[in-house]
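K.L.:
Sequence:
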Amino acid sequence: MKITELITELITELIIDMPLILFISIFSIPMLLGDFAHKVVNWYVDKTTDYLLK
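The working numbering puts the sequence shown at residues 309 to 362.
Some clues are possibly wrong.
Simulated DEER-style distance windows between Cβ atoms [stated by the list, open to error]:
(1) L361 - T320: 39 to 49 Å
(2) T320 - N350: 28 to 38 Å
(3) D325 - K347: 27 to 37 Å
(4) L328 - V348: 29 to 39 Å
(5) L360 - M326: 48 to 58 Å
(6) L360 - F331: 43 to 53 Å
(7) K347 - K310: 15 to 25 Å
(8) T320 - L340: 13 to 23 Å
(9) V353 - I319: 25 to 35 Å
(10) S336 - L314: 11 to 21 Å
(11) E317 - L341: 19 to 29 Å
Note that these hints are calculated values from the structure, not bench results.
All C-beta atoms, glycine included, are put in the ideal place defined by N, C-alpha and C.
Make a model of the complete structure from these sequences and hints.
P.N.:
Okay, structure coming up:
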């Protein structure tokens, strides 16, 4: 079983059990994605800077 399938199944279970968790995750997912995107951008900038300075 893939990790994504496992996560999807877990989320589905939580949605069925608790609408509150769904409500919270709707707000937290964009924050998590924003944080991840920020890390990727920082990593890319660091790599590019290292490359340009060499």
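K.L.:
Compare the structure with the hints numbered earlier in the document and write down the numbers of the violated ones, lowest to highest.
P.N.:
none
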